[in-house]
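Visitor: Each chain, written out:
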Amino acid sequence: MLEIRNLHVKLEDEDKPILKGVNLTVPAGEVHAIMGPNGSGKSTTSYVLSGRDGYVVTQGSATLDGQDLLEMAPEDRAAAGLFLAFQYPVEIPGVGNMTFLRTAMNAQRKSRGEPELSAGDFLKLVREKAKALQIDAEMLKRPVNVGFSGGEKKRNEILQMAMLEPRMCILDETDSGLDVDAMRLVAEGVNALRSPDRAFLVITHYQRLLDHIRPDVVHIMHDGRIVKSGGPDLALEVENNGYADILAEVAADA
Amino acid sequence: MPDAATLTQQVPTVEGHGAPAPDALSLRLGEVPAAGPTAAARAAAAARLRAMGLPRPRDEYWRYTDPAPFNAASPTLLPLDTRADSALFADVDRLRLTFVDDRFDPAESDDLALSGVEILPLSRAEAQPGHWVAEAYGRLEAASQHPVPRPFAALNTATATDGAVIRVTGVVTKPVQIVYRRSDPAADVVCHHVLRLDDGAELTLLENGLVGARGNVVIEADLAPGARLHHIAAHRAGHARVAVTHLFARVAEGAALKSFTLSLDGAHVRSEAMVEMAGDDAVAHVAGAVLGNGEGFHHDDTIFVTHGALNGESRQVFKKVLKNGATGVFQGKILVKPGAQKTDGYQISQALLLDEKSQFLAKPELEIYADDVRCSHGSTTGAIDETAMFYLRSRGVPREQAIVLLVLSFLADALAEIEDEALRERVSDRLEQWLTAQAGTLG
Ligand SMILES: Nc1ncnc2c1ncn2[C@@H]1O[C@H](COP(=O)(O)OP(=O)(O)OP(=O)(O)O)[C@@H](O)[C@H]1O
Ligand SMILES: [Mg+2]
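Protein chains in written order, with my numbering: chain A, 5 to 258; chain B, 77 to 519.
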């Protein structure tokens, strides 16, 4: 489903390479995790895939079901089924959460040639999904993420994902800042969406989320590259020993 | 991105006329009506105007806005548009007063009888000897000529041809609407409305439509203790308005004024409000949302709130969205007189510049002569928040639609000053429609 080949990315404003040849394939139906030290390029990968300004792709490609993602506007990537749960969800004062969700849903439907959701159907859907994530009605009425706690913001990201039903979901440290119960809710939200025609890329620092969401493959990113891939045990190894051993082993192999 | 020049809206440019010639004032004044209950007030206003003169471009008070289009003896011809009246308040249950150019039109107005309020066109009130308007007419305007002269308001008092004279004696259940229409492409409209609200009286006043090729509108509102006046004005899109407006309000003990103005498009507009907090516990909120697109757009809000009593609460909330070389101006002042303790004064003026060619000029001022007060003011100029933009787009909202959402969110604080929820939603929907239609030229 998602295919990243030899992706090189630098900053637009300075000559600073950040991604230095990322290769990653996430087939439909699978969950892949990316772990890696701070600053290794995990968030950058997710931003470049979703089309944030400020980065320049100098080499390589990224496709979603064969469609060239890098050529598309961010909104078209979303309509094509890509979703990023932000590491730092953005506050938008003055725009109500409900308005935001409804505008997003209908914009995506429109661009796919589907009819808009009626106000009634939308309300029903949002109430049902919010309830599962224990997001109360009052939070839905507030402006997008304004005054939300860190954990509430993360749950709000998962609510958006549950509403938009994207096919390729990227979660950037959705687990950080979550208490144990919220972590379980988020994991349940993700697991509820797991299906043979949907894939997940879960960026995390901790094994704990992966206890709830069993990944098929774990990748280690370091200095702008995927340096090692393996099964779920790789996450346990990181949890127990940190990155030093893995990185030393990779360096020795190189 | 298309060439900026092709995006610029076609708005007639306003020619500079330089300093007025010696007889410009006489030309501008024309004939002052010499009979009727308001004759004395009109003569006094004409004398005031002669003493103060028309503004000159170098006057401090006119530093950011060229007075020439208002000084000119006659307006530049502005083609009529054939659109029907705006639908903005069309399905609000209201009492409608229609002014065609500068005359009240009874055929296009509703029956003026309504419980709790007496309404007469100025032209008719002036035909009634002993009508109360004789004492009220021009009184608040005259009292607001210091420390800064407002010549166009004096000119208005001297020469107004019509207006609405409204006395509110109780709680009026439906809004009164003033509608302006155009019939002569060269009409130089001078309208003067006088509102008097008795103790505990309440009125919602709506004002919209198209004011002439050039418009000069004054509202004088005298609020007795405990009275409440809600004023919502909406200036219509697609009208290259050259207009100067003044709202003079006196707010007595425990009375409340809430005034909100929506300005879409326009060419050269100066909108002044002078509010005197005359009694303890008075409340005054004056707010405005302005959207200007194009080099011909110049909109100036000049607000002066004077606290002269205890425990007053005043808010000034002005937001401007500017694009394609549009200019926005805000001059706002809170004056707290000696003894006006416990005053709570707030002023915010903000501009959202959608490109680098547009500009916002702000002069926020506080002048405080009491020691136990809470006053604050702020002024900001910013661009679209690109992080929020990316967040919206990453959820599938196209850039143009995201701009509409972000502009609405920027204006939300100003719209929040409309107390009535149904009216607020109406104005907000209207704004959203306009923005959506314009989205292609805002991006
Ligand atoms: N806009 C930017 N300006 C300057 N440096 C940037 C920018 N974006 C990314 N970087 C740099 O690129 C590197 C990778 O950052 P990125 O946010 O992708 O790391 P990460 O793997 O997500 O780290 P973390 O685990 O801390 O979230 C870092 O050194 C970061 O400082
Ligand atoms: Mg990161």
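Since the hints were made in silico from the structure, they are not lab data.
Be a bit skeptical, because a hint or two may be false.
Here are the simulated distance ranges between beta carbons [said to hold, decoys possible]:
{"#": "1", "chain 1": "A", "residue 1": "Leu129", "chain 2": "B", "residue 2": "Leu156", "range": "42 to 52 angstroms"}
{"#": "2", "chain 1": "B", "residue 1": "Asp157", "chain 2": "A", "residue 2": "Gly33", "range": "29 to 39 angstroms"}
{"#": "3", "chain 1": "B", "residue 1": "Arg500", "chain 2": "A", "residue 2": "Ala123", "range": "53 to 63 angstroms"}
{"#": "4", "chain 1": "B", "residue 1": "Gly192", "chain 2": "A", "residue 2": "Val150", "range": "39 to 49 angstroms"}
{"#": "5", "chain 1": "B", "residue 1": "Lys439", "chain 2": "A", "residue 2": "Leu74", "range": "14 to 24 angstroms"}
{"#": "6", "chain 1": "B", "residue 1": "Glu432", "chain 2": "A", "residue 2": "Ala196", "range": "23 to 33 angstroms"}
{"#": "7", "chain 1": "A", "residue 1": "Ala77", "chain 2": "B", "residue 2": "Gly276", "range": "41 to 51 angstroms"}
{"#": "8", "chain 1": "B", "residue 1": "Arg500", "chain 2": "A", "residue 2": "Glu142", "range": "16 to 26 angstroms"}
{"#": "9", "chain 1": "B", "residue 1": "Glu432", "chain 2": "A", "residue 2": "Leu74", "range": "44 to 54 angstroms"}
{"#": "10", "chain 1": "A", "residue 1": "Asp19", "chain 2": "B", "residue 2": "Pro133", "range": "42 to 52 angstroms"}
{"#": "11", "chain 1": "A", "residue 1": "Ala77", "chain 2": "B", "residue 2": "Gln417", "range": "53 to 63 angstroms"}
{"#": "12", "chain 1": "B", "residue 1": "Arg500", "chain 2": "A", "residue 2": "Glu132", "range": "24 to 34 angstroms"}
Pairs of lysine to aspartate or glutamate residues, derived as EDC-like cross-links and limited to a Cα-Cα distance of at most 20 angstroms, are as follows [unchecked claim]:
{"#": "13", "chain 1": "B", "residue 1": "Lys409", "chain 2": "B", "residue 2": "Asp447"}
{"#": "14", "chain 1": "A", "residue 1": "Lys145", "chain 2": "B", "residue 2": "Asp496"}
{"#": "15", "chain 1": "B", "residue 1": "Lys433", "chain 2": "B", "residue 2": "Glu389"}
{"#": "16", "chain 1": "B", "residue 1": "Lys409", "chain 2": "B", "residue 2": "Glu441"}
{"#": "17", "chain 1": "A", "residue 1": "Lys114", "chain 2": "A", "residue 2": "Asp140"}
{"#": "18", "chain 1": "A", "residue 1": "Lys114", "chain 2": "B", "residue 2": "Glu493"}
{"#": "19", "chain 1": "A", "residue 1": "Lys145", "chain 2": "B", "residue 2": "Glu441"}
{"#": "20", "chain 1": "A", "residue 1": "Lys145", "chain 2": "B", "residue 2": "Glu493"}
{"#": "21", "chain 1": "A", "residue 1": "Lys135", "chain 2": "A", "residue 2": "Glu75"}
{"#": "22", "chain 1": "A", "residue 1": "Lys145", "chain 2": "B", "residue 2": "Asp489"}
{"#": "23", "chain 1": "A", "residue 1": "Lys157", "chain 2": "B", "residue 2": "Asp461"}
{"#": "24", "chain 1": "A", "residue 1": "Lys114", "chain 2": "B", "residue 2": "Asp461"}
{"#": "25", "chain 1": "A", "residue 1": "Lys145", "chain 2": "B", "residue 2": "Glu462"}
{"#": "26", "chain 1": "B", "residue 1": "Lys418", "chain 2": "B", "residue 2": "Asp461"}
{"#": "27", "chain 1": "A", "residue 1": "Lys14", "chain 2": "A", "residue 2": "Asp69"}
{"#": "28", "chain 1": "B", "residue 1": "Lys413", "chain 2": "B", "residue 2": "Glu432"}
{"#": "29", "chain 1": "B", "residue 1": "Lys334", "chain 2": "B", "residue 2": "Asp275"}
{"#": "30", "chain 1": "A", "residue 1": "Lys145", "chain 2": "B", "residue 2": "Glu497"}
{"#": "31", "chain 1": "A", "residue 1": "Lys133", "chain 2": "A", "residue 2": "Glu75"}
{"#": "32", "chain 1": "B", "residue 1": "Lys250", "chain 2": "B", "residue 2": "Glu501"}
{"#": "33", "chain 1": "A", "residue 1": "Lys145", "chain 2": "B", "residue 2": "Asp447"}
If you're wondering where the values come from, they're calculated on a predicted model, not measured in any experiment.
Glycine included, every Cβ here is placed at the ideal spot set by N, Cα and C.
Visitor: With reference to the structure, classify each hint as holding or not holding.
Guide: Hint-by-hint comparison with the structure:
no. : hint                                       : in the structure
1   : A:Leu129 with B:Leu156: 42 to 52 angstroms : 49 angstroms, holds
2   : B:Asp157 with A:Gly33: 29 to 39 angstroms  : 60 angstroms, violated
3   : B:Arg500 with A:Ala123: 53 to 63 angstroms : 19 angstroms, violated
4   : B:Gly192 with A:Val150: 39 to 49 angstroms : 41 angstroms, holds
5   : B:Lys439 with A:Leu74: 14 to 24 angstroms  : 48 angstroms, violated
6   : B:Glu432 with A:Ala196: 23 to 33 angstroms : 47 angstroms, violated
7   : A:Ala77 with B:Gly276: 41 to 51 angstroms  : 57 angstroms, violated
8   : B:Arg500 with A:Glu142: 16 to 26 angstroms : 20 angstroms, holds
9   : B:Glu432 with A:Leu74: 44 to 54 angstroms  : 28 angstroms, violated
10  : A:Asp19 with B:Pro133: 42 to 52 angstroms  : 50 angstroms, holds
11  : A:Ala77 with B:Gln417: 53 to 63 angstroms  : 57 angstroms, holds
12  : B:Arg500 with A:Glu132: 24 to 34 angstroms : 30 angstroms, holds
13  : B:Lys409 with B:Asp447                     : 18 angstroms, holds
14  : A:Lys145 with B:Asp496                     : 19 angstroms, holds
15  : B:Lys433 with B:Glu389                     : 37 angstroms, violated
16  : B:Lys409 with B:Glu441                     : 5 angstroms, holds
17  : A:Lys114 with A:Asp140                     : 28 angstroms, violated
18  : A:Lys114 with B:Glu493                     : 34 angstroms, violated
19  : A:Lys145 with B:Glu441                     : 36 angstroms, violated
20  : A:Lys145 with B:Glu493                     : 19 angstroms, holds
21  : A:Lys135 with A:Glu75                      : 37 angstroms, violated
22  : A:Lys145 with B:Asp489                     : 16 angstroms, holds
23  : A:Lys157 with B:Asp461                     : 19 angstroms, holds
24  : A:Lys114 with B:Asp461                     : 25 angstroms, violated
25  : A:Lys145 with B:Glu462                     : 23 angstroms, violated
26  : B:Lys418 with B:Asp461                     : 37 angstroms, violated
27  : A:Lys14 with A:Asp69                       : 25 angstroms, violated
28  : B:Lys413 with B:Glu432                     : 40 angstroms, violated
29  : B:Lys334 with B:Asp275                     : 17 angstroms, holds
30  : A:Lys145 with B:Glu497                     : 16 angstroms, holds
31  : A:Lys133 with A:Glu75                      : 33 angstroms, violated
32  : B:Lys250 with B:Glu501                     : 17 angstroms, holds
33  : A:Lys145 with B:Asp447                     : 40 angstroms, violated
Checked against the numbered hints listed earlier, the structure breaks hints 2, 3, 5, 6, 7, 9, 15, 17, 18, 19, 21, 24, 25, 26, 27, 28, 31 and 33; every other hint is satisfied.
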